[in-house]
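Student: Construct all of the structure, not just a fragment, from the sequences and the given hints.
Residue numbers (the numbering used here), protein chains in the order written: chain E, 1 to 326; chain S, 1 to 250; chain L, 1 to 301.
Some clues are possibly wrong.
Stated by the list, open to error - Here are some of the chain E residues that sit facing chain S, going by a computed Cβ distance under 10 Å:
| no. | residue |
| --- | --- |
| 1 | Phe153 |
| 2 | Ala171 |
| 3 | Pro179 |
| 4 | Met183 |
| 5 | Lys188 |
| 6 | Asn190 |
| 7 | Ser200 |
| 8 | Thr204 |
| 9 | Arg309 |
Calculated directly from the structure, the hints in this document are not laboratory data. Just so you know, even glycine gets a beta-carbon here, dropped at the ideal spot from N, CA and C.
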Amino acid sequence: MALRKIIPVLLVALVAALPLLAPFTQVMLTLALAKGLAVLGIIVLLHAGQVSFGHALFFAVAAYTAAFVGKSFAGGELVAMMVAGTLVAAVTGLFVGLFVVRYRHIFFGMLNLAFSMIFFSFLEKFYHITGGSDGLQVLRPSVLGIEMERTGFEMLLFYGSLVICLAAGWATWAFLRSPIGNMMQTIKTNEIRLEYLGVSARATLLAGYVVSAALCGLGGVLMAVAQGIVTPEYAWWIRSGEFVFIAILGGANSVAGAFVGSLVYEIVRTYAAAFAADVWQMVLGVFLLAIILFASDGLVGMYNALMDRLGGKGGMRTDDAREAAE
Amino acid sequence: MTGRVLMSAQGLQIRFGGVVAADNVNIDIHEGNNLAIIGPNGAGKTTFLNICTGYLKPHAGRVVFDGKDVTRKSPRQITRLGVARAFQIPQLFTEHTALENLLIAAAARDRSWKPFTALGAIPEREEMMHLLDMVKCTSVADRPVSELPEGQRKLVDIALALALKPKLLFMDEPTSGVASSEKFEVLDIVAKALAEAQVTAVFVEHDIGIVERFADEVAVWNRGEILFRGEPGEILSHPDVIRDVIGEEV
Amino acid sequence: MNTQLFALAIFDGVAYAALVFLVAVGLTLIFGVLQILNVAHGSFYAIGAYATASLGGMVFAAGFSPYLAFPLMLIVAVLVGIALGGLIEQFLLKRIYVKEGALQLLVTFAVFMILEDVQRLVWGVQPYFESSALQALGNIKVLGITYTVYQLIVLPCIALAVLICLRLFLRRTLSGKLILAVTEDREAATSIGIDADRVYLLTFIVGAALAAFGGALASATTSVVPGMGADMIVLSFAVVATAGLGQIEGAALTALLIGLGRSFAVYLMPELQVLVPYLIMLLVLLVRPQGLFGIAQARKI
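Tutor: Take a look at the structure:
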């Protein structure tokens, strides 16, 4: 029984210790955490039964905001970048959301895609502002006014990201099981009844949409700072598809799945993609099909099933495991 | 005709293609006066409920609730004014348990979003457990509603409407799907809950026994029109009603 | 903008709209019946183009008449429809009709990803260009502009013919009527004994073949490059959504609207070219969420 709770704690400890044992993994893990935040945003919307094929938009908006902050204020300040990036992503989410929450399912998915494509073209075409397809450089910012060495900065960025992910994961988990989180879930099952309870389904979805945009934004800033460059590729539909893919891989119904999924994905991508560079999308596609058809709760679902089998009666609920994972 | 006028429908008119579903419908709903709507299938009974709760907009006429014109208002706005609705086909949140369904309704009523409090820990929990008890569903409180038999789903659906503490409650065939041996018991439960909460009910019903027992007033619908209206004893023994409506039911 | 430029923009727009319509109409047909937005539709278009360009190249290199391009296009379309569309429907989509909408969308998205790499494996990343069909028909001079007969006359005529044939097929033939019945009310149709499984399969094959036919026709006018499927699925979705999901005649008019909008942008504001279809879609949906020709439907409660 206790095993189910101990393993997630051990996993977090392992991730925290990995850069000390194998320093070359540090950047990769930071990138995985950054993506995990964006995937968390996707999971918030999946909770309401909606898939966005354009959330890279918010990832890119925040990343470019960070780049501009860096350009305008002599290298910039990490905390300011994070605050500004997340805020701009949330405000963009509010405006785009006002439009897209009127739609469901394929319309929702594809309209999100349309918005991200528009932004992608903007990034590519308006060279004098965005640097075109070369993108913008993001210099290493100071942290609370302190200039840092590269190694120190990267380590700080990794552990900072880890703490942010744990905090964001916990907050999202709490949000999803709160009254408003549950109302969001009813958009999937019975929106008409929700309206007949006096609650606006659109406003509820909008709240979730802004939260998801902000999470994507936070991830985008971390990614931009970790990579040191932002390009239009941040907003491309392949990136949006990747977020959705990771969400399904990790387990669409679980907060922990966002990070488990993105860590596994990033590790496999870094070490296995080299062997399958030509067919990487095919590999992803086949995996996506396999998960949807045979293991629809993703990696977290498999973990829970395994624990149920080990634990006999399976007395614990997924929620508890999730709680432990945070 | 006791009580003041709670809701008033005036000259309602609506057509779907060539079918007239409401043809100059005029009716006042009085506070404390439970109204039964009877009539053959396709008479426009559910359409009337849909118009009164804002789901459909009439082509002509208006609906006034509590002195306010609500004809163009959405179901959400009308609900917030104190009108609730239970459905012919239970409209539930199928991924949630019976208790969670009610907790969502309670949070909606009190507009308490509380983004960091678990749904199961909101202060309305006691009250909702009591409501589940009233509709005799305590034993299934923690089961997903998708697993419940039709009769219990129906009760949870009615409880969802009651949870809002409305002034006026529309029920679309509250006993359809409930085993005939339990129909009276179910409506007894509902009637008691209504009386306790001082809610006026308008219900569409096919079962004449139920109508006799629970309605203070009956309106007979056919082809989008109200044919007769009055006390149950008088209306239900009217020869035309027996021939056109009740005859068909038997 | 002078008259000639104006006419040129119209010609470009019409030719382009004809191609977009062929793809979009398949997409909307499939959605109407299966209630699935087939993201892999863009791949059918691209594969149709690749197959025609590469096979055509071989045939013409062997000295055969360039007019053989036309039967070749039809054969490619039918083959892609049956082999690829049929297999995908039978072995994949069939298993997911009961799943929630988000997952259905992801399944076709996965197929799209797989087919993108399949194209790369089969045809590489070099562009293919095979315009024998276009050149064989020569040019025509209209309003002082020399334009290809293929684009100005053949493509719009084929699109119109497909529209009329589809209409007749749906309204006059038994198979067509069955498709319409299932589109209108799936439950009622199955309850009176219509074999919905066969209707689904037939619809998917027809829809896939139309997309491949669009690609086959397009291959004569442009170089066939990786990524063309992705562009086309988004564009044809814009057409289908703007028209209203499931609207066949509406898709034709909307394809024209978007095709013209795009070609005028090419001459007036080139940097907006890619954006015009989206802007049209966003504007239309803002005013009419059900699309230009769609009918808003309320759920029965």
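Student: Of the hints stated earlier, which fail here?
Tutor: Violated: hints 1 and 9.
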